[in-house]
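Protein chains in written order, with full-length UniProt numbering: chain C, 1 to 198; chain R, 1 to 465.
These are calculated hints, taken from the structure and not from any lab test. Hints are all accurate, no fakes.
With a Cα cut of at most 16 Å, we get these calculated EDC-like pairs of lysine to aspartate or glutamate:
#1 R:Lys362 to R:Glu400
#2 R:Lys302 to R:Asp283
#3 C:Lys196 to R:Asp11
#4 C:Lys196 to R:Asp28
#5 C:Lys170 to R:Asp20
Just so we're clear, the structure is a prediction, and the values are computed from it rather than from any experiment.
Below, each chain spelled out in residue letters.
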Amino acid sequence: MKQKFDIITSTCVPLPLENVDTDQIIPARFLKATTKEEKFFGENLFRDWRYNPDGSLNPDFVLNNPKYKGEILVAGKNFGSGSSREHAAWAIAGYGFRVVISSFFADIHKNNELNNFVLPVVVSEEFLAELFASIEQDPATEVEVNVPDQTVTNKATGRKEHFEINGYKKYCLMNALDDIDFLLENKDKIEAWEQKRV
Amino acid sequence: MANTLFDKIWDAHVVQNVSDGPTQLYIDRLYCHEVTSPQAFEGLRARGLKCFRPERIYCMPDHNTPTHDQDKPIEDPVGKTQVDTLARNAKEFGLTHFGMMHPKNGIIHVVGPENGLSLPGMTIVCGDSHTSTHGAMGAVAFGIGTSEVEMVMASQCILQQKPKSMRITVKGSLGKGVTAKDVALYLMSKMTTSGATGYFVEYAGSAIEQLTMEGRLTLCNLSIEMGARGGFIAPDEVTFAYLKDKEYAPKGSDWDQAVAYWKTLRSGDDAVFDKEIEFDAADIEPMVTYGTNPGMGMGITKNIPSLDQIEAAGQASFKKALDYMGFAPGEQMIGKPVDYVFCGSCTNGRIEDFRAFASIVKGRKKADHVICWLVPGSWAVARQIEEEGLDQIFKEAGFELRQPGCSACLAMNDDKIPAGKLSVSTSNRNFEGRQGPGARTVLASPLVAAAAAVTGVITDPRTLM
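From just these sequences and the hints, can you work out the full model?
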């Protein structure tokens, strides 16, 4: 959903696994909705890790551990690989995450997060390893994500890093605008381009 | 001056470069299936928009379609709603729709090329990561999310950061029993599932040039499994021969003009890529995967890596994968009992794949305990299987052909592998639960799949050739 970004300070949910693919984020059998039911997708985020086959909660999975909560998901390298399903981003947003921190994101999923006002923050391997350690030591560890300054801070250790986001997308996030708003504004350019091509 | 093929196609489609932002890229072809399009149509309605260039958009259901009794209503009410919704949306927005049982229906990435809808030099997108398939025609083709589908519907444009360019050269010639699928699985095993993230890949070299069009489609299809946005192959005589007389390909003098243009679509001799990698075809043997991502693959005669061969940060994921698969580090794969075999999908659901499968099973019998699903990628493929008499070979060997669709590749229809069962599959992903909750998937070529189907265990197909 469209929402404005500024500074987010939150505790984190750690998922220290690499190559978490979008089939794990939301399995294919939950893709049959024809509307953006974020609540439904959020309830089924990481479905097969979060629930046992009999439908009971898997107490070993991090989302079921009351020690860990917050608006920030911290995940291992190459998060969101595989299918282009935007349902994965809807599930993450629907669960209530506004930021995902990892050292590496798969391309399509990264765009899908941005298009749903979930901010993917790419940090160094060192920052990520230290953050996992901080959270393990103290689940109350907070992280500050400052969008105007493009910085991310592990408040347990004070370690701070710059993160990349292009100026256009940053403006969109801070003002709750999406790409379609932008494209609709310059239809004349598209028509002119089509004319020139012929 | 643009000198890679990727630059040539990309630059020819730039409407504008947004200041400190992405490129606004014009899209020649949008394909829509039933799973990733309904929310885009819903978005258009909410904004009171029409499709900007409806003639450039082609729709067909494939993910939910059952592979039997397609002439009857879909039994799963939710899947039926999704398929019906696509038909209704296509009608409302004035888009071409190849519905279930339409002679042109099938998996989008099989149907587009086989009808000449995907052409060299085009920009092609679809809400599906395997859109990279169409790159085999010499096009810039990539998967997008549903918000991006809505963008293209609304404006025929998309906002994208220009990816970096990579060239992967495979020199030499492929050996006996080694197919395009094995090349792709080999590249993934070397590159990992994120090794090409951020890049568009051009495949080149003699081993690539020697591939048939269908082999090229298989290879480009799997580009996403190395993380690449897309992969493509410069169009050549193989491409032109494949496209000639296809229904939507140009005809007459338009054809001559098109071919003259397509011949210019090559990277220059002095083209500079952000990254260049070279492999030798002689190093590639028939491949299988042993883990839960497509990069966890190996030559079929090799052993699963031992733990000390895996870097520290990846060990937790490696152990989790092997636990899920029920395999041990250092084990061999040959001889492992197989429960299910699936031949089909946008990766390996074309006529050559079924010819390859038939070449192994001809004169043999399906192993009694193996359940095998042969699912053509489209009705056109299904018709050709019958025309060539392959269906008789399958029947005599104890196999049954099903109707076209994505099927057990992602198990959105009834074709689910039960929990704990081991499946040898010609599809593209071995993720946990991909073929059904708890299903264990080994990715392989149609030859390896056929060898497993007749022997009941993982078998080097070269021993049956």
